[in-house]
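Peer 1: Below are the chains, spelled out letter by letter.
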Amino acid sequence: MENGSILTYLLITPILGSLILLFIRKEQENLIQWFGLAVSLAAFIISLVMFTNFDQSNGSFQLVEKYLWIDGLNVSYHIGVDGISVLLILLTTFLTPLTLISTWGTIKKNIKLFTFFMLFLEAGMLGVFISLDLFLFYIFWEAMLIPMYFIIGVWGGENRIYASIKFFIYTMFGSLLMLVAIIWLAVDASSQLGYFTTNLLELYKVGPTIARDIQNYLFLAFFFSFAIKVPLFPLHTWLPDAHVQAPTAGSVILAGVLLKMGTYGLIRFNLPLFPQASVEFAPYISVFAVIGIIYGALVAMVQTDMKKLVAYSSVAHLGFVVLGIFAMTVESVQGAVIQMINHGLSTGALFLLVGMIYERTHSREISFYGGIAKLVPVYATFLMIASLSSIGLPGMNGFIGEFLILLGSFKSQVLDNWWFTIFAASGVIFAAVYLLWMYQRVVFGNVTNPKLENLSDMNGKEWLVLVPIILLIFWIGIYPTTFLDITETSTINILEQVQNFTIKLLN
Amino acid sequence: MMDLSNIFNSISFVIPEIALSITIVLTVLFDLIFDKDKKIIPYIVLVGLLVTGYFVFAQMDFANFGFTVGDEKYGMFTLDGFSNYFKIIILVTTIIIIFFSSHSNEIIKTFDRSGEYYALLLGMALGMMFMVSASDLILIYLSVELLSLSSYVLTGFTKLSERNAEASLKYLIYGSVSSGLMLFGISIVYGLTGTTNLYELNTLLQAGSINLTTLGFSLILIFVGIGYKISAAPFHFWTPDVYEGAPISITAYLSVASKAAGFALLIRFIKTSFVSYTDASGNWHLLGIFDWQTLLIIIAILTMTLGNFSALSQSNLKRMLAYSSIAHAGYLLLGLAVLSDQGLLAVLIYFFIYMIMNLGAFFIVNLIANKINSEDIHDYDGIGYTSPLLGVSLAIFLVSLTGLPPTAGFIAKLYLFIALVDANMITVAVIALLNTVVSLYYYVRVLKHMYLNKANESTQAVIPTLQPRIIVLALVIPVLLFGIYFTPIVSFAQNCLNILTK
Numbered sequence: 284m285e286n287g288s289i290l291t292y293l294l295i296t297p298i299l300g301s302l303i304l305l306f307i308r309k310e311q312e313n314l315i316q317w318f319g320l321a322v323s324l325a326a327f328i329i330s331l332v333m334f335t336n337f338d339q340s341n342g343s344f345q346l347v348e349k350y351l352w353i354d355g356l357n358v359s360y361h362i363g364v365d366g367i368s369v370l371l372i373l374l375t376t377f378l379t380p381l382t383l384i385s386t387w388g389t390i391k392k393n394i395k396l397f398t399f400f401m402l403f404l405e406a407g408m409l410g411v412f413i414s415l416d417l418f419l420f421y422i423f424w425e426a427m428l429i430p431m432y433f434i435i436g437v438w439g440g441e442n443r444i445y446a447s448i449k450f451f452i453y454t455m456f457g458s459l460l461m462l463v464a465i466i467w468l469a470v471d472a473s474s475q476l477g478y479f480t481t482n483l484l485e486l487y488k489v490g491p492t493i494a495r496d497i498q499n500y501l502f503l504a505f506f507f508s509f510a511i512k513v514p515l516f517p518l519h520t521w522l523p524d525a526h527v528q529a530p531t532a533g534s535v536i537l538a539g540v541l542l543k544m545g546t547y548g549l550i551r552f553n554l555p556l557f558p559q560a561s562v563e564f565a566p567y568i569s570v571f572a573v574i575g576i577i578y579g580a581l582v583a584m585v586q587t588d589m590k591k592l593v594a595y596s597s598v599a600h601l602g603f604v605v606l607g608i609f610a611m612t613v614e615s616v617q618g619a620v621i622q623m624i625n626h627g628l629s630t631g632a633l634f635l636l637v638g639m640i641y642e643r644t645h646s647r648e649i650s651f652y653g654g655i656a657k658l659v660p661v662y663a664t665f666l667m668i669a670s671l672s673s674i675g676l677p678g679m680n681g682f683i684g685e686f687l688i689l690l691g692s693f694k695s696q697v698l699d700n701w702w703f704t705i706f707a708a709s710g711v712i713f714a715a716v717y718l719l720w721m722y723q724r725v726v727f728g729n730v731t732n733p734k735l736e737n738l739s740d741m742n743g744k745e746w747l748v749l750v751p752i753i754l755l756i757f758w759i760g761i762y763p764t765t766f767l768d769i770t771e772t773s774t775i776n777i778l779e780q781v782q783n784f785t786i787k788l789l790n
Numbered sequence: 005m006m007d008l009s010n011i012f013n014s015i016s017f018v019i020p021e022i023a024l025s026i027t028i029v030l031t032v033l034f035d036l037i038f039d040k041d042k043k044i045i046p047y048i049v050l051v052g053l054l055v056t057g058y059f060v061f062a063q064m065d066f067a068n069f070g071f072t073v074g075d076e077k078y079g080m081f082t083l084d085g086f087s088n089y090f091k092i093i094i095l096v097t098t099i100i101i102i103f104f105s106s107h108s109n110e111i112i113k114t115f116d117r118s119g120e121y122y123a124l125l126l127g128m129a130l131g132m133m134f135m136v137s138a139s140d141l142i143l144i145y146l147s148v149e150l151l152s153l154s155s156y157v158l159t160g161f162t163k164l165s166e167r168n169a170e171a172s173l174k175y176l177i178y179g180s181v182s183s184g185l186m187l188f189g190i191s192i193v194y195g196l197t198g199t200t201n202l203y204e205l206n207t208l209l210q211a212g213s214i215n216l217t218t219l220g221f222s223l224i225l226i227f228v229g230i231g232y233k234i235s236a237a238p239f240h241f242w243t244p245d246v247y248e249g250a251p252i253s254i255t256a257y258l259s260v261a262s263k264a265a266g267f268a269l270l271i272r273f274i275k276t277s278f279v280s281y282t283d284a285s286g287n288w289h290l291l292g293i294f295d296w297q298t299l300l301i302i303i304a305i306l307t308m309t310l311g312n313f314s315a316l317s318q319s320n321l322k323r324m325l326a327y328s329s330i331a332h333a334g335y336l337l338l339g340l341a342v343l344s345d346q347g348l349l350a351v352l353i354y355f356f357i358y359m360i361m362n363l364g365a366f367f368i369v370n371l372i373a374n375k376i377n378s379e380d381i382h383d384y385d386g387i388g389y390t391s392p393l394l395g396v397s398l399a400i401f402l403v404s405l406t407g408l409p410p411t412a413g414f415i416a417k418l419y420l421f422i423a424l425v426d427a428n429m430i431t432v433a434v435i436a437l438l439n440t441v442v443s444l445y446y447y448v449r450v451l452k453h454m455y456l457n458k459a460n461e462s463t464q465a466v467i468p469t470l471q472p473r474i475i476v477l478a479l480v481i482p483v484l485l486f487g488i489y490f491t492p493i494v495s496f497a498q499n500c501l502n503i504l505t506k
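Protein chains in written order, with our numbering: chain A, 284 to 790; chain B, 5 to 506.
Simulated from the structure, these hints should not be mistaken for lab results. Note that the coordinates shown come from a computational prediction; the quantities given were computed from them, not determined experimentally. Heads up, some of the hints might be wrong.
[As the list claims (entries may be wrong)] Derived CB-CB ranges, DEER-like:
id, chain 1, residue 1, chain 2, residue 2, range
1, A, Thr492, B, Ile488, 26 to 36 Å
2, B, Ser495, A, Gln475, 50 to 60 Å
3, A, Lys392, B, Asp39, 53 to 63 Å
4, B, Arg473, A, Lys392, 18 to 28 Å
5, A, Lys734, B, Asn460, 29 to 39 Å
6, A, Ile295, B, Ile293, 54 to 64 Å
7, A, Gln475, B, His289, 19 to 29 Å
8, B, Ser378, A, Tyr445, 21 to 31 Å
[Stated by the list, open to error] Which stretches of chain A does chain B cover? Using the computed rule of at least three CB atoms under 8 Å from a CB of chain B, they are:
id, segment
9, 412-426
10, 447-453
11, 717-729
We put the CB at the ideal spot given by N, CA and C, even for glycine.
Modelling step: build the complete structure from the supplied sequences, incorporating the hints.
Peer 2: Take a look at the structure:
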């Protein structure tokens, strides 16, 4: 196949870029910023080329590369993509250059180190989405902790040290559980296969045949690891701290991509590797997902800090995603994937907007503002679009995802109870309440705070960052078929795998 | 009954040890004769160690019983892949410590006594070399004492501070008690069985006409002696004080080499004396007289948990690394507790990686202490920015000690977890995992001080000269490299799994 190693090029671009960056002198900040942008744009272009080489009608893994790496353990450098990972890769490469631009002028200390960590992080995220070997996956998964720890800890807000350590310890706990589960799975599989391997495709065949009690343990270990990352209620407590303390770019990447690794893991590993356990645990997990939707919304409602409000709205949104995944219908899983992208876009945009105004006023308190519509009309418009998209107004992206998830969960054979849908749907209403209320308090009314008088509207750089996101928000909202076509066959493939070992899921 | 020809035949097995002994003699002589040229002593020592290393490599494929008595097939000295592996670890550590010492202000201040210092250091090395090959309780005891006596002196060597003297005295007292207990245990074993040879002990145990209560009692006494050397809980109380008080180079040496020798001794003791046979998949089947597995698991969990939780509250880096080394001893004991070749492989790999990363961490703490005269974590504020190379390197070592990919420390933990899961010890693996999370906190705390806290007035830039810089890089690069491509270590360890048994 032509472009046979495009995924390797994609992965290696940010890695090489970050290494070359180390040789640029620290004082040349402009060069560093442009270089970082150039590398991330290059990665974006490569990911587009990858996308053109991707065959949507084929649900199995494509652009696969495989080289033996550690022969003793049968670990290989094994990468490939399907429809679900393609979308998430595009999201990653799309958001990274935008966040890098957004840091120009706002990140002032140690730009070199920051850019280095951002590129390193991008490589890690791409690695997670393309790995088809559990060992490789784990390395990328863990390698991302360190740059994120530093991004929060060095460039974050006042309470950044506490937040970064909390983030580190929470996620590390989860990933170590996963490590034991990976080893257990591989050891258990080796008794059937006759050899030790961490090849995901081979384990797909063996995983479902593992004894049920062990399968349950393995499922739970993987699940906890991913649920912490998602984060699913009640494991979410690290998220508000991390989000609020992280610099804007960190929050955008965290919300936009890092959290998606958790939900991606659920789709990629939990469902196909342990189908019986997935079906068994699905209702319980969905209960927590629905609690998360409502809880996240209610807590968001009472926040006085805009960033914290957006952070709690993430808990609610990702509750939707988890519900969609464990409803296990074609609609709901596709909806979950679309919702992953949506959340990356709309929450990313919200974080960017909050960051932009924070740069001007150094306050994120809702009560600090009021009536800024008159002062900064363009900003108010962008904030309106981002909020409405997050609420899920028809015509915008959020609606598509939530609608598909609710529809899917209503028909779900696995959940088999429409109360899930009813409670989840109430979350949509709550979202409208907390976001519109926030919007009203910040944007409308009279300007009461004299400090706001000199507020300047969006500059060119900020336009440049937000417009691409807004365009995508409308694209998904108006013509979702483009994106649904990409994920459809892959989703069906995964559900078929589950169905083969459990109950009928597909028509 | 002593057969001289036997001894002469066996001489060829101890050529490395002989080379090392000659080096010691040369060091002492040189120190006495050329009083003014002490600078040359480290080079003599280095050459001696390299020659010793050459001889170890030359006998890499040997598998022999040495110093047999009469017509007996089994001797008091055993040469096999396993002993050679540990000899290499001991020698490499010693060589690094020699470089280490020449960059340690504490040692440089006692320059006029450097002859003694190096002779004693080599004395420790010699003791350890014998320990890893000892297959007779008498030789075990002698080599342990050789190691201990040299290390008591070295611990208090600089005589610079009270804590130095305190460390030495504490070490001596604890050490004497535990070696006394060990000797008591050995004498009971001899009284029970009439032999001190581990192979014969195995034969007698197989025959099964021994009073098990008394034997169990004596084994526990012997285990106390070894447990003290590897600082396993509850025999670890000396470790933090001694590690904190001793010169950093000696602390590093004790935490790596001395621990390695202690482990080698323990492993050989168990495998030679208590294993009835090893099956095709590499599981050791023990004689059912003493439940080593349960004992080891309990001690291992106790050791790592105590080590990790005590490390949490330490603000002196040396003391923190001391507790962390206790915790690592716990992980290593778990590898042994699996009682299979898979577990042994994990222990061997772990030790190799532990050696690099632990020495690296101590070396950097040493370089920084040279400059700022402190090992307190609060004096590390912002040091990552003022001293980039040392900051990044220490960060890498600490991340590796935590066991995060893509560093070598992850590989060490990976093989350990594989061994545990393979043996179906999932609960134990989960306990080890929880411990790792605890350890993350105190390792990351150092990163926090180095990078997240702002530099204050007392923060100084530590820019090492060329030679220490090369040493740091020589330790950092393998940590990263083996984290990504570890086949060389694994295959090297795999070739050295062989422990000679009957």
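Peer 1: Taking each numbered hint in turn, which are not upheld by the structure, reported in ascending numerical order?
Peer 2: The structure breaks hints 2, 11; every other hint is satisfied.
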